[in-house]
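Chain H is already provided as a structure; the job is to place chain Y on it using the hints.
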Amino acid sequence: MGGATVTAAPTAATVPPVTGEPTPSGRDRRPRLADRLSGGASSRWFPYVLVFPLALILFGYVVQPMFATFAESVGVDGVANYTEFLSGEGVARSSLLTSLLISAASVLLCGIVGVAMAFLLKRFQFPGRRLIEAIILVPAALPPLIGAISFQLLYSETGILPRGLQQLFGTENPVLPFTGIAGVLVVHTFTMYPFFYLAASAALAGMDPSVEEAAYNLGAGRVRVWRTVLLPMLTPALVSASLLVFMTSLASYTAPLLFGVDRTMTMQIYINRTNGDLPMASAYASVLAVVSILFLLGMRWYEGRRSYRSQSKGVAAHRREITNPFGKWAALAASILATVVLLAPVGTIALVAFSADGSWTTEVIPSAYTWQNFVTIFSDPKAFQPILNSLQMSLLATVGCVVVGVLIAYAVRRLDFRGRALLDVAVMLAWALPGTVVAINLISAFSTGNAFSFGQVLIGTFWIMPLAYFVRFLPLVFRSSSATLAQIDPSLEEAARNLGASWWRAFGTVTLRLMLPGVAAGALLAFVNGVGEFVASVLIYTSQTAPISVEINNRMYSFEIGTAAAYGMLQVVLIFVVMVISGRLQNGRSASREAARWSA
Amino acid sequence: MIDVTLESVSKRFARAGDTAAVDDVDITIAAGEFFTLLGPSGCGKTTTLRMVAGFYFPTSGRIRFGAEDVTRRPPNKRDTGMVFQNYALFPHMSVAQNVAYGLKIRKVGRADARRRVEEALGQVHLAGYGGRRIDQLSGGQQQRVALARALVIRPRTLLLDEPLSNLDAKLREETRTEIRRIQKESGTTAIYVTHDQAEAMAMSDRIAVMESGRVQQIGAPREIYHRPATAFVARFIGRSNVLSLPVTGGTDDSVTVGLPDGGETVVAAPVGHGLRAGETALVSVRPEHIGLTSTTEPGALPGRVTELEFTGMATNLIVDVAGESVQVAAIDVPAGLAVGDQVGLRLTRERMWVVRP
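If you read the sequences in order, they're chains H and Y.
Heads up: the first sequence begins at 3 in this note's numbering, then just goes up one per residue.
Heads up: the second sequence begins at 123 in this note's numbering, then just goes up one per residue.
These are computed hints drawn from the structure, not numbers from a lab.
A virtual CB, placed ideally from N, CA and C, is assigned to each residue, including glycine.
Keep in mind that the hints are not guaranteed to be accurate.
If we take Cβ atoms under 8 Å as the criterion, some of the chain Y residues that face chain H in the derived model are [stated by the list, open to error]:
no., residue
1, ASN198
2, ASN208
3, ALA210
4, GLY224
5, VAL230
6, ARG278
7, VAL364
Chain H extracted, bound-state conformation (with noise of 0.2 Å):
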């Protein structure tokens, strides 16, 4: 190597050459220790100064709460609390089975209901097709508890279709009612199809249509099109998919709570920890942490391998018109039906809403109506609290959550450090664990001093609530935060850097103010999920600290169903109200994108 013009080394004798790990000479270190203090992200350590801070975070309000648990599980019992999983008939073992037979009918039901609606919303050209798309994710979008109500108070055995039919045909029962587990399967299925449908819209939006042109071309008959490319494509969104719907069907407790199953994991957890049994209900937490640990490792390792999405820009896939009269009159009356059940919870929420506390017993709907209820819940100093209390306890989770989420989604995307997939996990572990669990983490973690919480006692204060939310919906802001990141080119950081930028003005310069609208659509996300709050709360709640989820299911204890719709309705607005802002954030960024394409 080396021309003539090549320089030799001339200053070795002067300047020891460095070899891996710079051992600085004395006459250099005080500069180089100045630079490297200074240097921000390029430092070699840079990294773990931020990292362990986020890290220490993780660890002690996600990881060490799970080890807290195990070790209330079998602190007092031995494993006698995990034998009875074993055993024949105990409730442990039926409960568990229970669990997965719903998860597992909970997945076939969304798929079948989810791809239908792709494929329909996606393929063909019907009337009506434009507002079912829009209000499509609506069932799905309510809080927790009150979609669970509102499913109730529609198909249960008191539920206004079954008594509405019953009225019709004038039988001695209600027509139709949906009890125990298929009331169960109903609200899951309302609730989680959206993520087969999400999912299989999106791969058939990535999908070349030529590819399947291509199979026509070479004679390939729809059935066979449908059995040999379009179904094998769209296998892995299915299959993630179903890992999504059944870890969430898993981690299910208001359907079971309010259709009175109790053999699932989730109610006996609330049962035992209400019987004041807490190592029984850790043993249930534990072994539904574990499931759900598998479920998300197992979806890590399917999302790593290859999708087929394909590259190519191509035509856009044409909707197929309905051109046959029968057909398009059985899709106008399918479109008008299927907005009718999609908009059915929200209404009957709404309807319930201005409905008399007490004047609901044996009619079809209610037969008095009133403003008093929404009076009541803000004029009532006793009955504001519960939104007072949500309001505060989701603001403080969620400014924890988006100054973790984001630097730890900084983290894990743009620095180079040891354990970066461990961090990330450990975000993703606070998200697979389900609420129950994470509520029962807490208690075992926290019902004595500990480290994480400077030597106090969490349980029984105000501070566990927002803790528990946070520990929640921090994977919320924390995914917003990352896509965002994976958006913005890191040689915008690099040259900002490049221009005398230190580290902090370049992130808060670039890197932060153009992540600002994926940060934003995170923290309102984690806000709403904050006032919806239900599944954890009821098991830390004092009668201080009650958010507005537990005093809707305990006004739906003492009847006065009017007031609990009223709180209810108040959090469908806040998600309405949250819902198009974060649209408008979303439009506001492919607005930048269209100029863009349009001047370039």
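Frame of chain H, contents of chain Y only:
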């Protein structure tokens, strides 16, 4: 304006196993020079540039700006101006805000900064574009904003990482002339990274040709073209036939080699080539330095045409000479010449050159 020195610089990435991305590189770039790192993708040229910018620290070796050791200095303390391959313009700032970013960090006064931004935009022919949003600019305009942003801080060195690769062919040629003009005017030392040898030839004072993390040759464009140090350089810069020929004798700066037809010829070689009779020499001869003639001409190498491709200006042929495929670019081709015909090849002896493997 400052000279830049790389002293036995190596870079190994933790995740990439044992292979060095940059392996023991020694380069001295003179103040005001336009210096190009040229090589195929993955040769280590961008890694080298990023070490000069401070985005990577060398695993071993030193980097100096003038007498100053900047080896481990963070990028924001180096005072270099970098133009990124994708420009890396801040999408949330206007053109003027982009250009002013570095000035703001340097705490240049508002009036002064505004004047310098105007000046820099004028220099890249974008006067009056200050208020535009980045996404309202064409690719070429974005490229020039990136250049203005790097130049306005009056950097000690200008670093350009394949800045033309996202432009179309015509714009690329215009812009490279522009960059060269602006660099000359400002007198800034420039380090330019490209994989396009024509670009490197046209713009550079000197070029370092890199391959697999190592510098193959450093020299002026002409020197690299006419006197390639290695077979890789000969093939990478333009096209070349590298023939393995037996050495029968030689002097300090030439060797005598045997030709496939049994003849012999004297070929120029670098001083101290060390080749002895009985060894094999690698002789580079470019396609355009081989003439077509009849098989009967004395001294011509006889061969058979195996491929023939008319490109307009020249005809590219591949001729099989005693089992070896030789590329020929001929301006004049006998009418009716076809694949399978026997031809004679006349090598331009004074253009042949011995290279190292």
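Checked hints:
At a threshold of 8 Å, the smallest CB-CB gap from ASN198/Y to chain H is about 5 Å, leaving the interface hint in force. With a cut of 8 Å, the hint placing ASN208/Y at the interface with chain H holds, because the nearest CB-to-CB distance is about 6 Å. For ALA210/Y, the interface hint holds, since its Cβ comes within 8 Å of a Cβ in chain H; the closest pair sits about 4 Å apart. Interface hint at GLY224/Y: satisfied, since its Cβ lies 3 Å from the closest Cβ of chain H, which is below the 8 Å cut-off.
Annotation: VAL230/Y was flagged as interfacial toward chain H, and the flag is violated, the nearest CB pair being 11 Å apart, outside 8 Å. Violation of the interface hint for ARG278/Y is found here, the shortest Cβ-Cβ separation to chain H being roughly 12 Å, above the 8 Å cut-off. For the restraint placing VAL364/Y at the interface with chain H, the shortest Cβ-Cβ distance is roughly 18 Å, beyond the 8 Å limit, so the hint is violated.
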